[in-house]
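Colleague: Sequence:
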Amino acid sequence: FLPCKFRSVMSMDFMVYFSFFTWILIPLIIMCAIYFDIFYIIRNRLSQNLSNSKETGAFYGREFKTAKSLFLVLFLFAVSWLPLSISNCILYFKGDVPEVLQYLGILLSHANSMM
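Counting in my numbering, the sequence shown runs from 2 upward without gaps.
The hints are simulated quantities; they were obtained by calculation from the structure and are not laboratory data. Accuracy of the hints is not assured; some may be wrong.
[Unchecked claim] Heads up, simulated BS3-like pairs for lysine-lysine below, C-alpha to C-alpha not over 30 Å straight-line:
| hint | residue 1 | residue 2 |
| --- | --- | --- |
| 1 | Lys95 | Lys6 |
| 2 | Lys55 | Lys66 |
| 3 | Lys69 | Lys55 |
Given these sequences and hints, build the entire structure.
Modeller: Dropping the structure here:
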């Protein structure tokens, strides 16, 4: 008989090394670097105002607004998945995480699908 608990269904090796590092941490770092680069470029273009045309400023203003919206999606992804992944890492490397926090992390990861 195998109890239906999150940690007994999936291997902690898989959840920590493959799931966290491959699916969450590495893509999150890459996406953050890309978004910071996008914000830097748009901010420089807006401050330089390469042409006096209002259309150019409006274009970069819209691009900045779009980049902010996409960064919000990235932030919500991080808030949803990092707590569970960090608690799994702590558990895997011989730490202790209260069960309530583990369940909260699971709830947040599932709530990501609602956003």
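Colleague: State for each hint whether it applies.
Modeller: We went through each hint and held it up to the structure:
Restraint check for Lys95 and Lys6: satisfied, since their Cα atoms lie roughly 18 Å apart, inside the 30 Å limit. Taking the CA atoms of Lys55 and Lys66, the gap is about 16 Å. The hint holds against a cut of 30 Å. Under the criterion of a C-alpha separation no larger than 30 Å, the hint pairing Lys69 with Lys55 is consistent with the structure, at around 21 Å.
Hint compliance for this structure: every hint is met.
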